[in-house]
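**Student:** Given these sequences and hints, build the entire structure.
Those protein sequences? They're chains S and L, same order as listed. 1 is the number of the first residue of the first sequence in my numbering; add one for each residue after it. 1 is the number of the first residue of the second sequence in my numbering; add one for each residue after it.
Quick caveat, the hints were computed from the structure, so don't treat them as lab data. Predicted, not measured: the structure shown is a model, and the values here were computed from it. Just so it is clear, CB atoms sit at the ideal spot from N, CA and C, and this is done for glycine as well. Please note that the accuracy of each hint is not assured.
Derived BS3-like pairs (lysine-lysine); straight-line CA-CA distance at most 27 Å [claimed, not checked]:
1) S/83 - S/94
2) L/123 - S/302
3) S/306 - S/121
4) L/39 - L/115
5) L/170 - L/107
6) S/302 - L/119
7) L/115 - S/305
8) S/302 - L/103
9) S/121 - S/83
10) L/123 - L/170
11) S/306 - L/119
12) L/102 - S/306
13) S/305 - L/166
14) S/94 - S/382
15) S/78 - S/142
16) S/268 - S/90
17) L/39 - S/302
18) L/119 - L/103
19) S/306 - L/170
20) L/170 - S/302
21) S/306 - L/166
22) L/107 - S/302
23) L/166 - S/302
24) L/123 - S/121
25) L/102 - S/305
26) S/107 - S/94
27) L/39 - L/107
28) S/268 - S/83
29) S/90 - S/56
30) S/121 - L/109
31) S/63 - S/83
32) S/121 - S/302
33) S/302 - S/56
34) L/170 - S/305
To be clear about the criterion: a stretch of chain S counts as covered by chain L if any three or more of its residues have a C-beta under 8 Å from a C-beta of chain L, and this derived list gives those stretches [said to hold, decoys possible]:
35) 98-107
36) 274-282
37) 287-296
38) 380-390
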Amino acid sequence: MKIPKFKFKKFHINLGETSRYIFTVIFSSVLLAVVLISLPLTEKVTSSATYDLVNKNSLYWSKEYTLELDTSKSINEKNDIEKVKSILQKRLYKLGVEESFVNSFEKDDTQYIKITVQTTKDIQSVDSVINSPFIVNIVTRKDGIDFENQDEPLTPYLLENYDLTQFNRDSFRNIYITQLRNSSNEYSYFALFKTWPWDSKWSTFLTDNAGQIVGVSIDEFVTPVQIPTDQSLFAVPISATSKEEASIVSNMYNSGLMPMGYTISEEKNIPTNIAEIDYIKLTQGILVAVILIYLYLLLIEKTPKKVLLISALSTVLTISLWITYLKISEIPTDIFILALEVITVIALIRILTENIESRMFVTILLSLISAVSIIFGSGYIKIFAYDLLILIVLSNISIYISDYYITNVRRSLKI
Amino acid sequence: MNIVENITENWSRFELNMEIFFLLSIFLISIFTIYFTTKERKILLLSIIAFLSSAILNIFGIFLINTIFDVEIREIFKVIPLLTTILLLSNLGIQVGYYISKKDSKKFKISYIRKEYFKDTIKQTIFLLLLASSTLLFLSVQTESVVIVSTLSTISSIWLSYWISKYILK
Chain S
1 MKIPKFKFKK FHINLGETSR YIFTVIFSSV LLAVVLISLP LTEKVTSSAT
51 YDLVNKNSLY WSKEYTLELD TSKSINEKND IEKVKSILQK RLYKLGVEES
101 FVNSFEKDDT QYIKITVQTT KDIQSVDSVI NSPFIVNIVT RKDGIDFENQ
151 DEPLTPYLLE NYDLTQFNRD SFRNIYITQL RNSSNEYSYF ALFKTWPWDS
201 KWSTFLTDNA GQIVGVSIDE FVTPVQIPTD QSLFAVPISA TSKEEASIVS
251 NMYNSGLMPM GYTISEEKNI PTNIAEIDYI KLTQGILVAV ILIYLYLLLI
301 EKTPKKVLLI SALSTVLTIS LWITYLKISE IPTDIFILAL EVITVIALIR
351 ILTENIESRM FVTILLSLIS AVSIIFGSGY IKIFAYDLLI LIVLSNISIY
401 ISDYYITNVR RSLKI
Chain L
1 MNIVENITEN WSRFELNMEI FFLLSIFLIS IFTIYFTTKE RKILLLSIIA
51 FLSSAILNIF GIFLINTIFD VEIREIFKVI PLLTTILLLS NLGIQVGYYI
101 SKKDSKKFKI SYIRKEYFKD TIKQTIFLLL LASSTLLFLS VQTESVVIVS
151 TLSTISSIWL SYWISKYILK
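**Tutor:** What follows is the structure, given as structure tokens:
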């Protein structure tokens with residue numbers, strides 16, 4: 001679009017040139033500001049703002065849990081122990097725990113599992129997913145037991161008063177946690193048991209017990225549930241008051257059928273083992289590396305100067321913007337992951353700038369890989385991939401802005 | 001096989017399955033995207049060789065770090081295959097981009113890719129070596145190991161695939 005030129009009696013204003021000039025000035029100021037903010041220790045210059053990088057190291061805690069397994073009812077012990085390990089690991093992965101090791105061992109003819117966790121996640125959430133085996137069974141009331149007896153208030157909650165049915169966690173496709181209105185007409189969390197559409201056994205069970213009270217046993221504690229007369233929904237009230245608690249219950253319900261019970265035999269805090277990195281020195285090192293690398297590329301004259309300039313400016317802009325964002329938003333950061341991200345971005349921007357024909361292909365493919373890593377990855381991979389996806393977008397934007405900026409500066413300076 | 005068992009010692013079945021599924025997904029997505037973008041079997045073959053060699057070098061590198069340098073293998077090591085894939089794809093992307101932009105020109109021959117690939121591989125090798133070595137002094141042993149294994153695996157596999165391209169891209 002051509003921007004009109006306004007003619008006055010004594011002087012001309014070229015709006016296109018003026019806007020380009022204003023952009024150049026604003027961009028230079030923003031660039032300077034983000035570089036200054038991203039550099040270490042610059043927050044000490046002013047007392048009006050605090051924006052230091054929040055190091056995640058101090059938020060880590062580490063704990064070791066030893067579980068004593070009840071293998072008395074196990075037919076294939078080795079296989080069942082492996083299954084317990086997998087379920088526990090799955091729960092920890094779903095919770096987003098950064099590091100977890102699950103090992104099994106035998107001592108005095110007793111099987112144990114040792115879990116070592118190192119994370120920044122809430123300690124109570126981690127305790128919840130490990131402490132309970134969460135063995136789910138659907139049960140029906142035994143005949144001849146008075147469940148309404150006021151003198152025995154625990155009767156409805158004890159497994160010994162119920163008969164086991166053929167239904168356990170494996171009988172259901174999914175257990176969905178959602179908020180529904182309870183008997184007091186207030187919203188509370190319920191677990192909805194969903195089966196496969198072709199599974200007729202469950203619908204037969206619901207029809208046979210319509211209007212009756214059955215129970216859901218979790219680790220031998222029974223929650224009584226009345227099946228509606230229209231058998232529309234099997235909703236079990238859960239003891240969660242917040243979204244986070246509901247998410248943990250969902251995690252426990254949907255991590256698989258625990259093949260055996262266990263008890264916690266030991267639980268102890270252990271020292272954390274975090275990769276300590278001095279981010280001030282790291283910034284200096286990376287800064288020196290970027291300067292040296294680009295000086296070298298300039299000296300060997302294999303790349304046009306303008307391309308090198310765009311590449312260097314985009315690198316500085318992307319990294320500065322990213323660190324500035326982390327500092328201002330006070331997001332706790334793993335410095336060693338930040339180091340890996342910076343190395344990746346420096347290498348990526350050079351490729352994207354020097355090979356325009358590959359830019360689209362590399363961007364799309366790496367974005368796809370980052371997305372897959374976010375979905376299927378665990379621990380640090382998830383954190384790295386999530387940041388990388390943002391950095392890929394940021395790098396591309398920085399390249400376009402840098403290109404436009406350098407073209408404007410060269411035009412202004414008539415280079 | 002012993003090397004793999006040594007690295008994955010004490011892993012749960014779930015952890016092992018997830019890792020295999022994750023790495024296979026990345027490999028298949030990369031390979032399919034390269035093939036559907038170029039429709040050229042020679043580039044596909046070269047990419048598969050590059051990926052497989054980098055995977056072997058990753059495993060070998062982690063094993064060496066663990067046994068010779070006695071560095072404890074921790075969760076952060078799982079980033080190595082992802083980092084290697086990203087660096088490797090940036091290099092393979094040059095080939096793909098060059099092929100897409102030149103394939104329709106009359107004088108284009110598939111062997112021309114080698115020439116372009118050679119220039120970029122030299123630049124990337126020096127670039128990665130400088131970048132990795134400049135950060136080594138400031139990183140922890142574990143992060144250093146991740147950077148070294150990823151960088152060296154990438155560089156070795158891109159040179160290996162360049163050498164093999166002599167027989168494939170002709």
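**Student:** Now tell me if each hint is right for this structure.
**Tutor:** Hint check:
no., hint, in the structure
1, S/83 - S/94, "holds (16 Å)"
2, L/123 - S/302, "holds (9 Å)"
3, S/306 - S/121, "violated (46 Å)"
4, L/39 - L/115, "holds (20 Å)"
5, L/170 - L/107, "holds (15 Å)"
6, S/302 - L/119, "holds (9 Å)"
7, L/115 - S/305, "holds (22 Å)"
8, S/302 - L/103, "holds (24 Å)"
9, S/121 - S/83, "holds (24 Å)"
10, L/123 - L/170, "holds (23 Å)"
11, S/306 - L/119, "holds (19 Å)"
12, L/102 - S/306, "holds (23 Å)"
13, S/305 - L/166, "violated (32 Å)"
14, S/94 - S/382, "holds (11 Å)"
15, S/78 - S/142, "violated (34 Å)"
16, S/268 - S/90, "holds (22 Å)"
17, L/39 - S/302, "violated (30 Å)"
18, L/119 - L/103, "holds (19 Å)"
19, S/306 - L/170, "violated (34 Å)"
20, L/170 - S/302, "holds (26 Å)"
21, S/306 - L/166, "violated (33 Å)"
22, L/107 - S/302, "holds (24 Å)"
23, L/166 - S/302, "holds (23 Å)"
24, L/123 - S/121, "violated (42 Å)"
25, L/102 - S/305, "holds (24 Å)"
26, S/107 - S/94, "violated (30 Å)"
27, L/39 - L/107, "holds (19 Å)"
28, S/268 - S/83, "holds (24 Å)"
29, S/90 - S/56, "holds (24 Å)"
30, S/121 - L/109, "violated (56 Å)"
31, S/63 - S/83, "holds (22 Å)"
32, S/121 - S/302, "violated (49 Å)"
33, S/302 - S/56, "violated (41 Å)"
34, L/170 - S/305, "violated (33 Å)"
35, 98-107, "holds (count 6)"
36, 274-282, "holds (count 6)"
37, 287-296, "holds (count 5)"
38, 380-390, "holds (count 5)"
Of the numbered hints listed earlier, those contradicted by the structure are 3, 13, 15, 17, 19, 21, 24, 26, 30, 32, 33 and 34.
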